[in-house]
Amino acid sequence: MREVTREFLKAKETRARATRLWRERVGENLARLAVLLAVLGLWHVVAARHDAALLPGPGDTYAGLVRGWSLIWTGAVDTVTEIALGFAAGVVAGLVLGSLIGQSKTLQGVLHPFLILYQAVPKIGLAPMIVLLLGFGILPKVVLAAMSALFPVLENTILGVQRVDEDGVRLFRALGASPFQTYWKFRLIHALPSIMTGVRVAVVLATVSVVVAEFVAGRIGLGATMMVGYAQLDTALVFGALVVLTLIGLAYYFGVFLIERLVLRWFNLAPPARS
Amino acid sequence: MAPEALPAKTHAELFQYFHDLEVAAEARRARRTRRINFVGRVLLVAGALGGWWLMAAFYPPVLVPSPGATWRAFLAEIDTIWKNTPPTMLEIALGFLAGSALGIGLGGLIAQSRWAEVIVTPYLVVSQAVPKVALAPILIIFLGYGMGSKVAMAALIAFFPLLENTITGLRRADPDSLRLFQALGASPWQIFTKLRVFSALPLVFAGLRIAAVLATLGAIVGEFVAGNRGLGALLVISMGTFSTPLLYCTMIVLTALALGVYVLAQWLERKALERCNLAGPGI
Chain A
173 MREVTREFLK
183 AKETRARATR
193 LWRERVGENL
203 ARLAVLLAVL
213 GLWHVVAARH
223 DAALLPGPGD
233 TYAGLVRGWS
243 LIWTGAVDTV
253 TEIALGFAAG
263 VVAGLVLGSL
273 IGQSKTLQGV
283 LHPFLILYQA
293 VPKIGLAPMI
303 VLLLGFGILP
313 KVVLAAMSAL
323 FPVLENTILG
333 VQRVDEDGVR
343 LFRALGASPF
353 QTYWKFRLIH
363 ALPSIMTGVR
373 VAVVLATVSV
383 VVAEFVAGRI
393 GLGATMMVGY
403 AQLDTALVFG
413 ALVVLTLIGL
423 AYYFGVFLIE
433 RLVLRWFNLA
443 PPARS
Chain B
28 MAPEALPAKT
38 HAELFQYFHD
48 LEVAAEARRA
58 RRTRRINFVG
68 RVLLVAGALG
78 GWWLMAAFYP
88 PVLVPSPGAT
98 WRAFLAEIDT
108 IWKNTPPTML
118 EIALGFLAGS
128 ALGIGLGGLI
138 AQSRWAEVIV
148 TPYLVVSQAV
158 PKVALAPILI
168 IFLGYGMGSK
178 VAMAALIAFF
188 PLLENTITGL
198 RRADPDSLRL
208 FQALGASPWQ
218 IFTKLRVFSA
228 LPLVFAGLRI
238 AAVLATLGAI
248 VGEFVAGNRG
258 LGALLVISMG
268 TFSTPLLYCT
278 MIVLTALALG
288 VYVLAQWLER
298 KALERCNLAG
308 PGI
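Order-wise, the sequence lines are chains A and B. So for the first sequence, our numbering puts the first residue at 173; every next one is plus one. So for the second sequence, our numbering puts the first residue at 28; every next one is plus one.
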């Protein structure tokens, strides 16, 4: 028989606690799943009492999805492309501009009210103008998404590159690093937690902007597919497109979340403090 | 400076002398910064206007009307714009009130039960990633073409951040303060109103500020998708009829409205925090 030592008892207690926590977590997740199923069931019950053209239930939505699949698939591909391009453009622009502005107190002082203005104005309100200027294709959606994604990255880059540990900067300078090297290898890297938070916000804003631009411009993307279904009173198609759109939004958000984790782990940085 | 040249005899006078020099230098630096900021901003605005004028010279007026044409259109169409502003403002206000009331109310309820909070939290996090504006066509199918669907859209978008902030805020009560309240024999109701609600106030006010901006967004998107009244609807209509000067005017007015909502919300949040003695850094 194993000797009942102090270490043995402590290990047993740790295992017991771990098991208890695991069971608690499983219980929580089961409860969440149960709530989800209950909501789906409620949706089905309520929808059964209404016309499918007004409120399609889960089954009708799936049928509509299958029926309109070609339309939804092309729309999904277009929307995914638009979000990717707009988001990438906005992030890159935000990083570059944020780096420049963050290094210059003069620029910050001059631009401060304009930055606030840019933040306060919903870029989505500019959608009709941009559609008028750039047409009904992919470009206006990409531009609007880039404009929306720009600000969070810009602001967080400016904050991030300013808040680095000054001792590190002095060390770099003492070792003879050029300003560019100090920036590229130190400030920017240590600003990454803050920047990645901005990037996460940016992807959500880019998604929303793309959807709204597709509502306004139509013709391309899942938003346009929803408008087609809306015009034809094919509500199941609208619901189906909404489900796919939701999945795309979630995929992008959690994709960026994973990238954030990977990047922070690669550079050995702590995740940003939760405000 | 030779010690004899300084206009100071005692230690205190010396200190005062250098202090005054430093204060004067600070004031000079501040004045210089203000001047640079002013000149820089004026240059930027002038550059933007000049750029606009230049683009209007190169592009056909149906795409880019000149600043002058836009101003003339504003004077000509001011009735239309004026008539369409109240519906939008009403949608924003009602949507904000409805979304806030629902968000705070539901948040208060959910925060009472640890199980409810545990179940709801991951769904809340996930809902941040979902583009809620995509629900606009569905809301219009349910609620029709009128103001109700826009109010519902604004309320729906404004609801979520308030729900989340209320739940987080109510959970945020300092455990030591909680023990103090319990030690002094406070009833659960007293603990709730005097401690939890008070600790939640900064987050709730911040949530209200976010909700105001989001309600504006929701109202605008609702009008984009289906509207015949309101500034957003006017925007889409003028886009469709290629009345570009009217489009630009309406856009400027709508931008001003959104900016007004933002500034008002910021100011109200500051004032509310100050009144509750919660203002200050780090809150």
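Hints in this document: simulated from the structure, not taken from any laboratory. In this text the structure is predicted, and so the values were computed from the model without any measurement. C-beta atoms are modelled at their ideal positions from N, C-alpha and C, and glycine is treated no differently. Heads up, a few of these hints could be off.
Unchecked claim - Which stretches of chain A does chain B cover? Using the computed rule of at least three CB atoms under 8 Å from a CB of chain B, they are:
{"hint": "1", "segment": "191-205"}
{"hint": "2", "segment": "261-272"}
{"hint": "3", "segment": "298-306"}
{"hint": "4", "segment": "372-382"}
{"hint": "5", "segment": "432-440"}
To be verified - Cβ pair distances, simulated, as ranges:
{"hint": "6", "chain 1": "A", "residue 1": "W356", "chain 2": "B", "residue 2": "Q139", "range": "45 to 55 Å"}
{"hint": "7", "chain 1": "B", "residue 1": "N304", "chain 2": "A", "residue 2": "V217", "range": "46 to 56 Å"}
{"hint": "8", "chain 1": "B", "residue 1": "P113", "chain 2": "A", "residue 2": "L226", "range": "52 to 62 Å"}
{"hint": "9", "chain 1": "A", "residue 1": "W356", "chain 2": "B", "residue 2": "G67", "range": "26 to 36 Å"}
{"hint": "10", "chain 1": "A", "residue 1": "H216", "chain 2": "B", "residue 2": "S204", "range": "23 to 33 Å"}
{"hint": "11", "chain 1": "A", "residue 1": "F439", "chain 2": "B", "residue 2": "P34", "range": "51 to 61 Å"}
{"hint": "12", "chain 1": "A", "residue 1": "R433", "chain 2": "B", "residue 2": "P88", "range": "21 to 31 Å"}
{"hint": "13", "chain 1": "A", "residue 1": "F180", "chain 2": "B", "residue 2": "S154", "range": "20 to 30 Å"}
So which of those numbered hints doesn't the model satisfy?
-> The structure breaks hints 2, 5, 8, 10, 12, 13; every other hint is satisfied.
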